[in-house]
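Chemist: From first to last, the protein sequence lines stand for chains X and Y. For the first sequence, counting from 1, position 142 maps to 568 in the numbering used here; every step adds exactly one. For the second sequence, counting from 1, position 254 maps to 680 in the numbering used here; every step adds exactly one.
Derived from the structure by calculation, the hints contain no laboratory data. Cβ atoms here follow ideal geometry from the backbone N, Cα and C, with glycine treated the same way. Each hint should be verified, as a subset may be incorrect.
If you anchor each label on the Cβ, the simulated ranges turn out as follows [claimed, not checked]: (1) X:L786 to Y:R623: 35 to 43 Å; (2) Y:C773 to X:G456: 51 to 59 Å; (3) Y:G696 to X:P559: 54 to 62 Å; (4) Y:A715 to X:M427: 32 to 40 Å; (5) X:G456 to Y:P443: 21 to 29 Å; (6) Y:R477 to X:R717: 23 to 31 Å; (7) X:K473 to Y:D573: 30 to 38 Å; (8) X:M427 to Y:P443: 29 to 37 Å; (9) Y:R477 to X:N507: 32 to 40 Å.
Distance condition first, Cα-Cα at most 20 Å in a straight line; then the derived SDA-like pairs of lysine to any residue [as the list claims (entries may be wrong)]: (10) Y:K649 to Y:I662; (11) Y:K747 to X:N507; (12) X:K473 to Y:L751.
Residue strings, one per chain:
Number of protein chains: 2
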Amino acid sequence: MSMDLTFLGTGSAYPSPHRGASALVLRNDGDCWLFDCGEGTQTQLMKSPIRAGRISKVFISHLHGDHLFGLPGLLCTVSLNLTSDSRADDKCVEVFGPRGLRRFLRVSLGLTGSQLLFPYAVHELEPTLDQSPEEGQLSLEMTAANDPPLPQERPGRNISLDTLSDAYFLFEDDKFVVKAFRLFHRVPSFGFCVHERDRPGRLKTELLKEIGLNPGPAYGRLKAGHQVQLENGQVISPAEFLDENIPGRKVCILGDCSSALSSGLNVCQGADLLVHEATLGEAHRDKAAERGHSTPRMAAELARACGARRLALYHFSQRYKPEHLHRDGDDDDKVSELRRQAEEVLCDDSVEVILAEDFLTIDIPLRASKSSR
Amino acid sequence: MSMDLTFLGTGSAYPSPHRGASALVLRNDGDCWLFDCGEGTQTQLMKSPIRAGRISKVFISHLHGDHLFGLPGLLCTVSLNLTSDSRADDKCVEVFGPRGLRRFLRVSLGLTGSQLLFPYAVHELEPTLDQSPEEGQLSLEMTAANDPPLPQERPGRNISLDTLSDAYFLFEDDKFVVKAFRLFHRVPSFGFCVHERDRPGRLKTELLKEIGLNPGPAYGRLKAGHQVQLENGQVISPAEFLDENIPGRKVCILGDCSSALSSGLNVCQGADLLVHEATLGEAHRDKAAERGHSTPRMAAELARACGARRLALYHFSQRYKPEHLHRDGDDDDKVSELRRQAEEVLCDDSVEVILAEDFLTIDIPLRASKSSR
Chain X
427 MSMDLTFLGT
437 GSAYPSPHRG
447 ASALVLRNDG
457 DCWLFDCGEG
467 TQTQLMKSPI
477 RAGRISKVFI
487 SHLHGDHLFG
497 LPGLLCTVSL
507 NLTSDSRADD
517 KCVEVFGPRG
527 LRRFLRVSLG
537 LTGSQLLFPY
547 AVHELEPTLD
557 QSPEEGQLSL
567 EMTAANDPPL
577 PQERPGRNIS
587 LDTLSDAYFL
597 FEDDKFVVKA
607 FRLFHRVPSF
617 GFCVHERDRP
627 GRLKTELLKE
637 IGLNPGPAYG
647 RLKAGHQVQL
657 ENGQVISPAE
667 FLDENIPGRK
677 VCILGDCSSA
687 LSSGLNVCQG
697 ADLLVHEATL
707 GEAHRDKAAE
717 RGHSTPRMAA
727 ELARACGARR
737 LALYHFSQRY
747 KPEHLHRDGD
757 DDDKVSELRR
767 QAEEVLCDDS
777 VEVILAEDFL
787 TIDIPLRASK
797 SSR
Chain Y
427 MSMDLTFLGT
437 GSAYPSPHRG
447 ASALVLRNDG
457 DCWLFDCGEG
467 TQTQLMKSPI
477 RAGRISKVFI
487 SHLHGDHLFG
497 LPGLLCTVSL
507 NLTSDSRADD
517 KCVEVFGPRG
527 LRRFLRVSLG
537 LTGSQLLFPY
547 AVHELEPTLD
557 QSPEEGQLSL
567 EMTAANDPPL
577 PQERPGRNIS
587 LDTLSDAYFL
597 FEDDKFVVKA
607 FRLFHRVPSF
617 GFCVHERDRP
627 GRLKTELLKE
637 IGLNPGPAYG
647 RLKAGHQVQL
657 ENGQVISPAE
667 FLDENIPGRK
677 VCILGDCSSA
687 LSSGLNVCQG
697 ADLLVHEATL
707 GEAHRDKAAE
717 RGHSTPRMAA
727 ELARACGARR
737 LALYHFSQRY
747 KPEHLHRDGD
757 DDDKVSELRR
767 QAEEVLCDDS
777 VEVILAEDFL
787 TIDIPLRASK
797 SSR
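Let the sequences and hints guide you as you build the complete structure.
Modeler: Shown next as structure tokens:
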């Protein structure tokens, strides 16, 4: 039930000794999902408490190198360090990202003779034409994976926009529903929404004991939403004996963008945590927008519009040194100033603004159900 | 005239926080040549005194990821940080490496929309069939660069083995002759030999003054090897008034290998510095050879056979921590033990053995000419 998010790299454009290139890991009960994988991510992982071998899914927001160049090396190193127990189930690593990603991996791994010891599949998102200027769009020829698949590559899906919901449906399991949505950037870029399913509320055990039902299999059936017949013939329904559902958590992680396209607002509605880029401060707003990037204010406006509870800013220009390295001088380059600019927008909304740094871990607690005690 | 070599990464297989992946820079008078470019090389460069923008040539020994995955990102970052003065001459970055490298760069840079602001050319070395087992050879289909060239890509040469010299002639200029030679590894791998041209010896100015020739243009003509006529009509020849030639330095940098093919011995003969991998210690000799790698003893035997003056060992398994991090425990994992194993072979040859660490710089001094005072 624990869920947290760790930033492995918070710098834009390239990795530096002070800020790694984009990468973050969402952990839930030990399962790790990696979002973006700039160069050096594998080394950042080694410096963090996260084990690379636990990464089961990878999400690439867009194909710029500072979000992608670390992926072939990371997969190779995970494979090299495989022990018999660490991936004994031969589980397929699922990789999601824009069209072209499958070819990138096939060529990078193929030419370097990299033979992974675990299967992987690349599921490609088909961008739409309004996500980027024309010069940022890749031709079908360039992105077609015409090389034969590598021995460990499994067939991946090609995922198109669901026009009804204006989102990309990536997958769902018994715990999560995961979607992608469109952003506007110099090249097609995506945001990802991880939405945990609601859980049944706490069982009112005191009440059950009062009517003579003691702990046993019947408790499980009630919790699973089924009616139960008591020894005296009385049938009780779960609604009376369960607290309200515990709402599932929602974490939204946006790739580089100067704005989200329409669906972003809907998909991110009520997010527990919105992770948004803030490449440059307000003084450089025009430059940011021109390059398809955001300022803290732009990020905060989206957070407010979708009623997010917390906003984490990341993907800072390398001009913004981490706070502990900042020396007196140009206040314009103070990273704390970026937080201030976002807080200015959100001061009436009691939205917490978090400034990400490399290796920062943000806990994402369960929301209490309304009637829980 | 200054020449030195800096190790940016000395680890094998993958980069770690203690040892970067393979990369080293040979500097001569400010011009920087990069040999191999594992993931994270750009960050290692930032931590070193070397400016990435000064790299004019890149040599890739073989296509394994730990020698290559940093190259697309490095080129992008150099381009991003270009200032009007740093590469105002629009000089072409020359990249040398095995067949397949051109395609790797074209696809990696193309799919990530990386538009370099400087021209580059990839010159491919055609491996021979005896450099690697059959399963390590890449098909012509896989290595063919069929995508259209990127806007900044200039035509590169395809370089075949010169059967007469059993070497690959890469280029020469007024200061250097640079060749490659074949190594045996799991995939085709190459060594590079940078051979500085001999320089004329010191002018015997005392002798010239004795015969009445004072400093002036005649000195330059003598130094350049021309005869000079004195005022009295006497013709003097340079041989009498010059010390012996100062022999050019020779630096040989070998990629991963379990042995050099025949020409290696000839090309490396008399090297001032031989840089050789030593992935595993003698206790793991069979494992090393099986994986196409060397032990310190194997490296030392080559150094002795070609009469090298100094041997630098690098490309250590990540099990060998840098000396300052070594804790008491298994002596088998002591990196100093690797030096000892090489020295054991070379004890009678007065060959200096150097254990490379990340950021170590080795000065390569001019050899004195025999008659210099």
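Chemist: Taking the numbered hints from earlier one at a time, note which ones the structure violates and give those numbers from smallest to largest.
Modeler: 1 and 4
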